[in-house]
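J.: Protein chains in written order, with the numbering used here: chain Y, 1 to 166; chain F, 1 to 436; chain C, 1 to 520.
Calculated from the structure, these hints are not laboratory results.
Fair warning: this is a prediction, and the values are worked out from it, not measured in the lab.
Misleading hints may appear alongside valid ones.
Unchecked claim - Each computed DSS-like pair below joins lysine-lysine, with the alpha-carbon atoms no more than 27 Å apart: (1) C:K353 - F:K211; (2) Y:K27 - F:K415; (3) C:K61 - F:K415; (4) F:K379 - Y:K31; (5) F:K199 - F:K10; (6) F:K211 - F:K164; (7) Y:K31 - F:K41; (8) F:K199 - C:K61; (9) F:K78 - F:K55; (10) C:K132 - F:K379; (11) Y:K20 - Y:K31; (12) F:K41 - F:K164; (13) F:K82 - Y:K27; (14) Y:K31 - C:K58; (15) C:K28 - C:K58; (16) F:K377 - C:K19; (17) F:K164 - F:K78; (18) F:K164 - Y:K27; (19) F:K199 - F:K289; (20) C:K58 - F:K199; (21) F:K199 - F:K211; (22) C:K19 - C:K58.
Here are the chains, one letter per residue:
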Amino acid sequence: MSGHDTVPYQPVFVGETLAKLEALYPKYPEKRALLLPALWLVQEARGWVPPEAMHEVAQQLELTAAYVAGVATFYTMYHLHPVGRHFIQVCTTSPCGICGAEDVARELLVQTGCRDLGATSPDGRFTVVEVECLGACGFATPLLINDDFIESVSVDTVASVLARYP
Amino acid sequence: MGYPHPIHPKETPVLSTYFGDAEARTVAGWKARGGYQALQKALAMTPEQIVDEVKASGLRGRGGAGFPTGLKWSFMPKDDGKPHYLCCNADESEPGTFKDREILRWTPHALIEGCAIGQLAIRAETTYIYIRGEFTEPFHVLTAAVAEAYAAGILGADAMGSGKRIDIVIHRGAGAYICGEETALMNSLEGRRGNPRIKPPFPAVSGVFAKPTTINNVETLAAVPHIINRGAAWYASLTLSSPKSLGTKLISVCGHVQRPGVYEITLGLPMQELIYDLAGGMRPGRTLKAVIPGGSSVPIMTPAEVDGCPTDYEGIVSRGSMLGSGGMIVMDDTTDIVYQVMRLARFYAHESCAQCTNCREGTAWTTRVLERMLAGKGKESDIDLLMSLADNMTGKTICVLSDSCATPVVSGIGKFRSEFDAYISGARSLDVVEVS
Amino acid sequence: MTQELVSVTVDGIAVQVPKGTMIIEAAKQAGVLIPHYCYHPSLPSPAVCRMCLVEVEKAPKLAPACVTAVSEGQVVHVSSPVARQARQGVLEFLLINHPLDCPICDQSGECELQDFVFQEGRSGSRYGDYPKRYAPVEEFGPDVLYVPNRCILCTRCVRFMNDVAGDNVLEVYERGDRAFIGIDTADQLDHPWAGNVVDLCPVGSLLSRDFLHKARAWDLDKTASICPGCTQGCNMTIDTRDSTVVRLRPRPNMEVNRHFICDTGRADYRWMNRGDRVEAPLQRIGDRLQACDWDIALDRFAALASEAGGATVVLAGGRASCEALGWTLRLVGETPRAAAMRVPIGQEAPIGKIPSLALRAERAANVAGAALLGVGSDWSAAIEAARTATLVIVLDATLTDDEANAVRGARHVVHLASLSESAHSHADLVLPVATMAEEQGVFVNRDHRAQRYLPARPAPGMARPAWWVASQAWQRSAPAERRAPATASEAFGALRPFAGLTYRDLGLTGRAVATVEASR
Chain Y
1 MSGHDTVPYQ PVFVGETLAK LEALYPKYPE KRALLLPALW LVQEARGWVP
51 PEAMHEVAQQ LELTAAYVAG VATFYTMYHL HPVGRHFIQV CTTSPCGICG
101 AEDVARELLV QTGCRDLGAT SPDGRFTVVE VECLGACGFA TPLLINDDFI
151 ESVSVDTVAS VLARYP
Chain F
1 MGYPHPIHPK ETPVLSTYFG DAEARTVAGW KARGGYQALQ KALAMTPEQI
51 VDEVKASGLR GRGGAGFPTG LKWSFMPKDD GKPHYLCCNA DESEPGTFKD
101 REILRWTPHA LIEGCAIGQL AIRAETTYIY IRGEFTEPFH VLTAAVAEAY
151 AAGILGADAM GSGKRIDIVI HRGAGAYICG EETALMNSLE GRRGNPRIKP
201 PFPAVSGVFA KPTTINNVET LAAVPHIINR GAAWYASLTL SSPKSLGTKL
251 ISVCGHVQRP GVYEITLGLP MQELIYDLAG GMRPGRTLKA VIPGGSSVPI
301 MTPAEVDGCP TDYEGIVSRG SMLGSGGMIV MDDTTDIVYQ VMRLARFYAH
351 ESCAQCTNCR EGTAWTTRVL ERMLAGKGKE SDIDLLMSLA DNMTGKTICV
401 LSDSCATPVV SGIGKFRSEF DAYISGARSL DVVEVS
Chain C
1 MTQELVSVTV DGIAVQVPKG TMIIEAAKQA GVLIPHYCYH PSLPSPAVCR
51 MCLVEVEKAP KLAPACVTAV SEGQVVHVSS PVARQARQGV LEFLLINHPL
101 DCPICDQSGE CELQDFVFQE GRSGSRYGDY PKRYAPVEEF GPDVLYVPNR
151 CILCTRCVRF MNDVAGDNVL EVYERGDRAF IGIDTADQLD HPWAGNVVDL
201 CPVGSLLSRD FLHKARAWDL DKTASICPGC TQGCNMTIDT RDSTVVRLRP
251 RPNMEVNRHF ICDTGRADYR WMNRGDRVEA PLQRIGDRLQ ACDWDIALDR
301 FAALASEAGG ATVVLAGGRA SCEALGWTLR LVGETPRAAA MRVPIGQEAP
351 IGKIPSLALR AERAANVAGA ALLGVGSDWS AAIEAARTAT LVIVLDATLT
401 DDEANAVRGA RHVVHLASLS ESAHSHADLV LPVATMAEEQ GVFVNRDHRA
451 QRYLPARPAP GMARPAWWVA SQAWQRSAPA ERRAPATASE AFGALRPFAG
501 LTYRDLGLTG RAVATVEASR
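Given these sequences and hints, build the entire structure.
T.: Have a look at this one:
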């Protein structure tokens, strides 16, 4: 259904991932509360949240597919399509913006070869997106590369930062 | 990684004492610095005693609204037989605000201890710490700290040997500014879209999972152990101005200052001292143009308004703005106010949850008008239009996100009108990509 | 228990309403309609459209009337300048992305956005030439189309499916002005009550494919009726265009169906427009049926009935009214050998979260009314009895071939029929009757609620209501002492279970009547 894969879909919620989900049940009085954690588990396992996985989450938590999609599309951090090997979020909201964040964002596009914000580089290495306020305004420009929070990136240091993500 | 700045003599380090001190992140390190004594003390107190102590301290909510914390706790029902919950709001996402992040990264046990005491005060058995998804490093630090606190018997079924149960669950958000609004946070925690709820019912009556709930900001809770340890009178004595603004406040200063960072001040410190002495003032050759003192949702202040303004709740209100979250955005004379107002509007348009008509459509429309103005296609009537849209977006929705979008527009036009006129007349224009 | 009452004033009109009433409902009591979109009395209120903001004296800001409860002495202003301006603002926001395609929109004429903009919106747009949001039409289900461009995100459809139907297939996707109503690609909006989302949609965003481009709303005549599809007795409106039925919609009745009808009932109207009707009385002359006038037909009917008396079998269709059943029985002396109503059995289809509301298994409208009048539902026994009866009266029921063969065993057969059918070929008389869409009458639903339906279109040719046919024949059997009822209401009130009641007593939402047990 995703249209990206020619191999049959393999369920996410088996083995360790299922065990991680089940370990969360006692922490909440309602199953529904596991929705955000479950989507995180999917993204951790697959790198994105495919529609089939949303169906799986729906089944696990006794929700409908539309409900899961309504929630998943509300939050910006779930990738609803495959992204590059390294996912770069660059903050360009005002406090960083006045300190040159938009130049950093442009430099990131140039150096990664991503043609546009939201696009993945042709080599599949990077995806660069603009993010609204990373909450590190004093350390402009902050980047979130995968799970790494990197502060005080400038146009001059973009190259050395990217070099750490082959 | 060392903390970015040494403590300045005009700071009052309480919460920030151990920022930059990696050892304070461990249970042993925290205990060696006097940690968990407050919890030990609180475990021997009645909930009423804890609430009274916090009431007497004058502690007010540090997330933005400034509501008295002890009073908020006292709204929780007694002997109602229902589970109670404490939610800790670690969804710090208000542009300009990055103070809670430092608490989460450096002194996670201060927060854990504050949550535990808060739980005792409101008779809750579980605290949910809702941390924004983008805070990866703070999430890992906090997760490790909570695990260690459980292992050390500080949390769990027999907290510190008291026989009382204290549980803390960390819940990770996934990218939504609005989840910092307390009722949206509760919805998000329940696995719903982060839509703010209609009040009433208020959280103390029906909050998360429809049970009595109190929501407190990270900084608020992190201040509680100090109050329990050193007494309400000590905390209440910390003020340089208004008797209603007591204690210390973390101010995150960003933008065009030489030393951006998080500074802990006694409330009432003159704003100029904060900007020039602590944060190092403007870059050479630059002058102050504007300050947004409490996160992007509060009105912009001019240098004249900053002049002589005490940094506290009442002082900033008297100058037409608000202390808010304490996220201070400083702008020098290179700043294009129109562009920044557009950029903030775009932020709110991006973050609107889509429930209320006025917000959903108003934030997007406002952004479009400003984008077009910046591109040199503005009209004379756009100023009136923006003001009218702002009026239709103020005080008319479930939460204040749309008000927050209107605020910089109104204060920007009110205080920097000539910059808007310059774009409209064609004297200036930018190569702006109309995103929305 | 008496409810505590609260006094409030809405636009200067004082009303007393039960404590806990929301301002929007209190205003209705005062005769003031507070414009609204997301609010619906049969759904939970999210207070998101912000259209119902009103000025409440002493309140710091405008209050959403749908979720603000009344309080003693409250003074509400709906048409004050501040409240009007707020609504004008909301209308303007709703219109910036709403296409002005009213001329091709099915909702036009019954569109709440159109109505309120006309009433108090701005005369022009300040939005300028920005492009409007665009997304193509989607098929949500077998009969429901979603036109996202027109959607104002009131979420009534989402709430209906979630909170009423309990089938959460619709959700708001995305956020901000990118939000839309979404459905999973693997799902269908095919719940048996899903069609209600079309009625609930205040604009033309959710459309019925069945009704698509069929008529303009202002050309429709609306008639209060009762769904004849099952024993639930949902109140409905029959919409006709030039006497052709084009749509059935639910009519609110909080005791029976709230604001809803099922898709089966909604879709079942084509029979009302059928052209293959009996249009004149037909009498057997020799081996063929031949048209005659009512005088001849009624005289012959009266004679057959008098002759047969208790040796009669009555076979009634499921849409037979109380009036028709009651007067047919009276015609044959109240004690037929057998009388039954045909009650097809189907699958019960509950709406979901309203326990008292379902498409019922018994697919006939007047089972309870028939029982009150002494007409049971043992159809096969009645068919057996018909084989040897002196007279069989078939009251607008379509017979299978086997049934028709059985009936042929009777000495005489009279059909009171709407449709022209092959089973009539052996009848002594075929008398043209109106359908329930063409007459007034009463059905009694499973909760013993007697409910009126009104004629939505004229009966074709010489067709008359069945009660009129039966009662006229009854009068002709003894003209000196009998007087047939002059109106349907009289015909109703003359029946023993409803003695003394008139149509006026029933109103348009019905009234509970005694059960069979109690009426004995």
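J.: The structure should be examined with respect to each hint, and the outcome stated for every one.
T.: Evaluation of the provided hints:
no.: 1; hint: C:K353 - F:K211; in the structure: holds, 24 Å
no.: 2; hint: Y:K27 - F:K415; in the structure: violated, 50 Å
no.: 3; hint: C:K61 - F:K415; in the structure: holds, 26 Å
no.: 4; hint: F:K379 - Y:K31; in the structure: violated, 53 Å
no.: 5; hint: F:K199 - F:K10; in the structure: violated, 41 Å
no.: 6; hint: F:K211 - F:K164; in the structure: holds, 20 Å
no.: 7; hint: Y:K31 - F:K41; in the structure: violated, 36 Å
no.: 8; hint: F:K199 - C:K61; in the structure: holds, 14 Å
no.: 9; hint: F:K78 - F:K55; in the structure: holds, 17 Å
no.: 10; hint: C:K132 - F:K379; in the structure: holds, 20 Å
no.: 11; hint: Y:K20 - Y:K31; in the structure: holds, 14 Å
no.: 12; hint: F:K41 - F:K164; in the structure: holds, 13 Å
no.: 13; hint: F:K82 - Y:K27; in the structure: holds, 17 Å
no.: 14; hint: Y:K31 - C:K58; in the structure: violated, 43 Å
no.: 15; hint: C:K28 - C:K58; in the structure: holds, 22 Å
no.: 16; hint: F:K377 - C:K19; in the structure: violated, 54 Å
no.: 17; hint: F:K164 - F:K78; in the structure: holds, 17 Å
no.: 18; hint: F:K164 - Y:K27; in the structure: holds, 17 Å
no.: 19; hint: F:K199 - F:K289; in the structure: violated, 38 Å
no.: 20; hint: C:K58 - F:K199; in the structure: holds, 18 Å
no.: 21; hint: F:K199 - F:K211; in the structure: holds, 14 Å
no.: 22; hint: C:K19 - C:K58; in the structure: holds, 19 Å
The structure shown violates the earlier hints numbered 2, 4, 5, 7, 14, 16 and 19.
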